[in-house]
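Protein chains in written order, with numbering that gives the first Met the number 0: chain L, 0 to 215; chain Y, 0 to 175.
Incorrect hints may appear among the rest.
[What the hints assert, rightly or not] Heads up, simulated EDC-like pairs for lysine to aspartate or glutamate below, C-alpha to C-alpha not over 16 Å straight-line:
1. L:191 / L:204
2. Y:136 / L:212
3. L:207 / L:197
4. Y:122 / Y:165
5. L:207 / L:188
6. Y:6 / L:96
7. Y:136 / L:204
8. L:203 / L:167
9. L:73 / L:117
10. Y:15 / L:167
11. Y:117 / Y:79
12. L:203 / Y:13
13. Y:136 / Y:95
14. Y:15 / Y:165
15. L:108 / L:78
16. Y:169 / L:96
17. L:184 / L:215
18. Y:170 / L:149
19. L:112 / L:149
20. Y:155 / Y:95
21. Y:136 / L:109
22. Y:170 / L:212
23. L:191 / L:167
24. Y:117 / Y:26
25. Y:166 / L:215
[Said to hold, decoys possible] Here are some chain L residues pointing at chain Y (derived, C-beta under 7 Å):
26. 94
27. 97
28. 98
29. 99
30. 168
31. 169
32. 172
33. 179
34. 182
35. 205
36. 208
37. 209
38. 212
It should be emphasised that the hints constitute simulated quantities derived from the structure, not laboratory data. Glycine is no exception: its CB is placed at the ideal position from the N, C-alpha and C atoms.
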Amino acid sequence: MSSTGALNVAGTKAGPLIEIGAIFSDISPNTGVDSEVATPEYYPPNLTVWNISAQRPSLDIGGLLDYLCTSGKKLIEQEKVRFNRNLLHAFELEPIEDGHPHPAERIIKDALKTYNLEAFDWIKSTYLKNITRSAIAAGILRCLGRLSSELTSIWGVVMAASGLLHPDIESREAAVRALEAWGGKESLEMLKAYVDMENVPWLKDYIKQVIIDLSE
Amino acid sequence: MPHLARKIIRSVWEPKPYVPEDDARADAGTGCLRTSDDTLSLWQCNATEVSEVVLALASSMRSVEGMHLVLLLEENLNADGIASEPTPDDAKTPIEDLRSRHFNLVNLTMTQICLLAKRIANKVRENSTDLYWFTSKNVLNFLCNAVVDGRLGLNKLEENVRKEVEKELKKRKHLF
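Extracted from the complex, chain L is given alone in its bound form (with noise of 0.2 Å):
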């Protein structure tokens, strides 16, 4: 998706949640798991037939694969669940202060450092659900704008694009102030594309001001 076209879609700030919602349609990772369907029955595998005859074991190679596989996915969805919780809490907890760390970068740090693109579903989901507070969608998209852009990839910027179209100032001002420690091209041409849609002032001015930094 080009950041001209995800910004179009930002122009229209009515019904905010649908439109950031659709912005991550496209680049949603095929993870095979979806929180919002119910997961299959967890059941032990029937690891081993005995053949009496031959008195050799024969694997239900079958059963075994889906036994790691309804094991595996377990296990991440159980991860999801606690990287949902520690990153709330870490919020509730402090609040994000300049040029200070917060607890919630390391959780999100080791979550893409660990899970990668599954980890993105689930700091997409965390930000999603809580979109409308503002201290949590703001807060995550400020600490993804601490960590590298290697690290948070496209996907941070269109992220951040997302936040960009945010009702809510708090959440604006946490997009620009991401895509502008990223920097870059990509970064730039998003705020060069927004700047003239912001309708409050200082932060207008703010945004002029970051793609004068950034153009350097």
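With chain L held as given, fit chain Y onto it using these hints.
For chain Y alone, kept in the frame of chain L given last:
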């Protein structure tokens, strides 16, 4: 006229529809006016010295980031019954000549914090000239200038900040 500057996150102070006039969001108060031992850290300056406050704050940061400052008149704070005292020993900045600018609001009560919050919220509503913002590039430039002027040793900075300052200084050398 001496002012006291406080770092804030301005967007949190923007009023929401449910916040009455002359009041402030709770998140703004609990987020930007967090006290410790009933004290609050501020920096003394006049309107032409705001960059010195940015430098004082940035030199103890863990990463280079933009910031917002609000300037409050000391006499207005005193009128609200808020006492301030110079506390250079509490200053976290490694820049010696900035330490004397550090002040604490002391013996604060919840009522006084609310009065302070209302003052800041009103400045945000009025888009007062007492509000300043600095991008991360502005902040980085202040740090680099302080290093070049010999006011700040690179080794006194946190690792991430030092790396960014070094990178910027190399870029400057390349340019001249």
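Going through the hints against the structure:
About 12 Å separates the Cα atoms of residue 191 of chain L and residue 204 of chain L, which keeps this hinted pair within 16 Å; it holds. Proximity of residue 136 of chain Y to residue 212 of chain L is assessed by CA-CA distance (about 6 Å); at most 16 Å being required, the pair is judged to hold. Pair hint residue 207 of chain L plus residue 197 of chain L holds up; C-alpha atoms about 11 Å apart against a cutoff of 16 Å. Between residue 122 of chain Y and residue 165 of chain Y, the direct Cα distance comes to roughly 37 Å. Violation of the 16 Å bound is thereby established for this hinted pair.
Our distance criterion of 16 Å between C-alpha atoms is met by residue 207 of chain L and residue 188 of chain L, whose separation comes to about 12 Å. In summary, the hint linking residue 6 of chain Y to residue 96 of chain L is supported, as the alpha carbons are separated by about 9 Å, within the 16 Å threshold. At roughly 14 Å between alpha-carbon atoms, residue 136 of chain Y and residue 204 of chain L fall within 16 Å of each other, so this suggested pair holds. Between residue 203 of chain L and residue 167 of chain L, the direct Cα distance comes to roughly 14 Å. Compliance with the 16 Å bound is thereby established for this hinted pair.
Pair hint residue 73 of chain L plus residue 117 of chain L holds up; C-alpha atoms about 13 Å apart against a cutoff of 16 Å. Restraint check: the Cα-Cα separation between residue 15 of chain Y and residue 167 of chain L comes to about 9 Å, which is no more than 16 Å; the hinted pair holds. With a C-alpha separation of about 11 Å, the suggested pairing of residue 117 of chain Y with residue 79 of chain Y holds against the 16 Å cut-off. For the hint linking residue 203 of chain L to residue 13 of chain Y, the alpha-carbon distance of about 14 Å falls within 16 Å, and the restraint holds.
Distance hint between residue 136 of chain Y and residue 95 of chain Y is unfulfilled; the C-alpha atoms sit about 23 Å from each other, more than 16 Å. Restraint check: the Cα-Cα separation between residue 15 of chain Y and residue 165 of chain Y comes to about 41 Å, which exceeds 16 Å; the hinted pair is violated. Annotation: proposed proximity of residue 108 of chain L to residue 78 of chain L holds, straight-line Cα distance about 14 Å (limit 16 Å). For the suggested pair residue 169 of chain Y and residue 96 of chain L, the alpha carbons sit about 29 Å apart, so the restraint of at most 16 Å is broken.
Pair hint residue 184 of chain L plus residue 215 of chain L holds up; C-alpha atoms about 12 Å apart against a cutoff of 16 Å. About 22 Å separates the Cα atoms of residue 170 of chain Y and residue 149 of chain L, which puts this hinted pair outside 16 Å; it is violated. For the proposed pair residue 112 of chain L and residue 149 of chain L, the alpha carbon gap of about 11 Å is at most 16 Å, so the pair holds. Taken as a hint, the residue 155 of chain Y and residue 95 of chain Y pair is honoured in the structure, with Cα atoms around 11 Å apart against an allowance of 16 Å.
Distance hint between residue 136 of chain Y and residue 109 of chain L is unfulfilled; the C-alpha atoms sit about 28 Å from each other, more than 16 Å. For a cut-off of 16 Å, the pair hint linking residue 170 of chain Y to residue 212 of chain L stands: about 14 Å separates their Cα positions. At roughly 20 Å between alpha-carbon atoms, residue 191 of chain L and residue 167 of chain L are farther apart than 16 Å, so this suggested pair is violated. Between residue 117 of chain Y and residue 26 of chain Y, the direct Cα distance comes to roughly 13 Å. Compliance with the 16 Å bound is thereby established for this hinted pair.
Between the alpha carbons of residue 166 of chain Y and residue 215 of chain L the distance comes to roughly 14 Å, so the proposed pair stays at or under 16 Å and holds. A distance limit of 7 Å between C-beta atoms decides the matter here; for residue 94 of chain L the minimum to chain Y is near 4 Å, and the interface restraint holds. With 7 Å as the threshold, the beta carbon of residue 97 of chain L comes within range of chain Y, its nearest partner Cβ sitting at about 5 Å, so the hint holds. Residue-level restraint check for residue 98 of chain L holds (minimum Cβ-Cβ distance to chain Y is 3 Å; threshold 7 Å).
Interface hint status for residue 99 of chain L: upheld, as the beta-carbon distance to the closest one in chain Y is roughly 6 Å, under 7 Å. Taking 7 Å as the C-beta contact cut-off toward chain Y, the hint placing residue 168 of chain L at the interface holds, the least distance being around 5 Å. The restraint placing residue 169 of chain L at the interface with chain Y holds, with a minimum CB-CB distance near 5 Å, inside the 7 Å limit. A distance limit of 7 Å between C-beta atoms decides the matter here; for residue 172 of chain L the minimum to chain Y is near 4 Å, and the interface restraint holds.
With 7 Å as the threshold, the beta carbon of residue 179 of chain L comes within range of chain Y, its nearest partner Cβ sitting at about 6 Å, so the hint holds. Given the 7 Å rule on beta carbons, the hint for residue 182 of chain L is violated: about 9 Å separates it from the nearest Cβ of chain Y. Interface restraint check: residue 205 of chain L against chain Y, minimum CB-CB distance 6 Å, threshold 7 Å, status holds. A cut of 7 Å between beta carbons decides the hint on residue 208 of chain L: the least distance to chain Y is about 5 Å, and the hint holds.
Among the interface hints, the one on residue 209 of chain L holds; its C-beta lies about 5 Å from the nearest C-beta in chain Y, closer than the 7 Å criterion. Checking residue 212 of chain L against chain Y: minimum C-beta separation of about 4 Å stays under 7 Å; hint holds.
Violated hints, listed in ascending order, are 4, 13, 14, 16, 18, 21, 23 and 34; each of the other numbered hints is respected by the structure.
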